[in-house]
Amino acid sequence: MIPYSFNYHRAKSLDDAQAMLARSPDAKLLAGGQTLIAAMKMRLASPSDLIDISHLKDLSFIRVSDAGVAIGANTTHAAVAESADVKRIIPALADLALLIGDPAVRHMGTLGGSVANNDPAADYPAAIVALNATIKTAKRSIAADDFFTGMFETALAENEIVTEVIFPRAERAAYTKFRNPASRYAMVGVFVAKTGNNVRVAVTGAAPCVFRIPEMEAALVKNFSPDAIANIAVDAADLNSDIHGSAEYRANLVTVMAKRAVAAA
Amino acid sequence: MTQVSMNVNGKPVSADVEDRTLLVYFLREHLRLTGTHVGCDTSQCGACVVHVNGRAVKSCSMFVAQAEGADVLTIEGLAKDGVLHPVQEAFRENHGLQCGFCTPGMIMTAVDMIRRVPDLDRDKIRHELEGNICRCTGYHNIVSSIEDAAKRMAVA
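Each protein sequence line maps, in turn, to chains D and V.
Using our numbering, the letters of the first sequence correspond one by one to residues 1 to 265.
Using our numbering, the letters of the second sequence correspond one by one to residues 1 to 156.
No incorrect hints appear here.
Simulated crosslink set (SDA-like; lysine to any residue; CA at most 25 Å straight-line):
hint : chain 1 : residue 1 : chain 2 : residue 2
1    : D       : Lys-12    : V       : Glu-68
2    : D       : Lys-12    : V       : Glu-18
3    : D       : Lys-28    : V       : Asp-16
4    : D       : Lys-87    : V       : Arg-115
5    : D       : Lys-28    : D       : Ser-48
6    : D       : Lys-57    : V       : Met-6
7    : D       : Lys-28    : V       : Tyr-25
8    : D       : Lys-87    : V       : Asp-121
9    : D       : Lys-41    : V       : Glu-29
10   : V       : Lys-124   : D       : Ala-94
11   : D       : Lys-87    : V       : Glu-130
12   : D       : Lys-57    : V       : Asp-19
13   : D       : Lys-28    : V       : Gln-3
14   : V       : Lys-80    : V       : Glu-29
15   : D       : Lys-12    : V       : Thr-2
16   : D       : Lys-12    : V       : Asn-7
17   : D       : Lys-57    : V       : Asp-71
18   : D       : Lys-57    : V       : Ala-70
19   : D       : Lys-41    : V       : Arg-28
20   : V       : Lys-124   : D       : Arg-184
21   : V       : Lys-124   : V       : Asn-94
22   : D       : Lys-41    : V       : Val-52
23   : D       : Lys-41    : V       : Gly-39
No lab work stands behind these hints: they were computed from the structure.
For clarity, every value in this text was computed on a predicted model and none was experimentally measured.
Construct the entire structure; sequences and hints are all you get.
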């Protein structure tokens, strides 16, 4: 399959990429391309220009601080999964990265690409919301709860480029994913994180956009155990229904996967 | 059009290509290296796996322009001086292929996994193969081939 024609540009720097984006209204950024190129081949996306930022080394890093781990937007899923620092500080995040796609896809796909695309079944949004991470762009910092605004929609402005995500440390955290057996995308993925008296539960794959479950969070603050949430269910009316599973099926899975995540955390 | 230059199997190559040229079509149609296959063309099957700068990637899901300046290794670059690479030899001896269509991708994935994953066992091999599909063998002999190759390469 061959995509529509476009003009390829290799950005020399973040500023260069930003200037090129501003010049071409139908341009798109190319990071790992593991979602975008597939969409272009299917002719679901037809950008006039691709601005390749994957070579910008200063966007590829994993830095540890007292607050947690800062991960550059160009860091691949493989690099996150293999990072001794991530495994030590937030092992659930390394586990999550290892569940994305397959080894060859993880060698190309990036954190920034996944975050900016906000696919309803992407894994990273669940970690970002549950860990209360901060998304940084060249211009500002955006809180996780404000970032993911809808299906494939985020708080990013036109021409705004994600540069890094800062993940705070968590006392206990785990991600459990019920994968579509063919695509490996999450039919339901639940990330649970506990820090002090704060518990956050974030769900991906089940609805058009990642969401939290406040009832489960409140119950887990009182008693951090699978039993505490066994009788809490989300409303199927808000969930996705497709050939892979009905909304009711996904609603049931949300509770099951949340219990498993609490048990694993 | 864009001019691209890179090393493919140790040899410098360059060409003027349409910007939308995928790496796999550059390899197959410009360089006539047809050992790298196009199977599903949607990043599922792994028949197109090659190494770019030492890491396994799906060449149907990457534009050749992204590989500018890179070292690319294809199945044609594995054997040296007429001697099969240990992974190729292990696939031959363990009957790790039937029709052979998926084999170049399987072997390139296997070389990458043996280098990357410590203490490979059959379970780990099966997990690592999740991006490569075979419709003939039932995978059993592919797993045996990779297990055998990993042992050979640990000794070597």
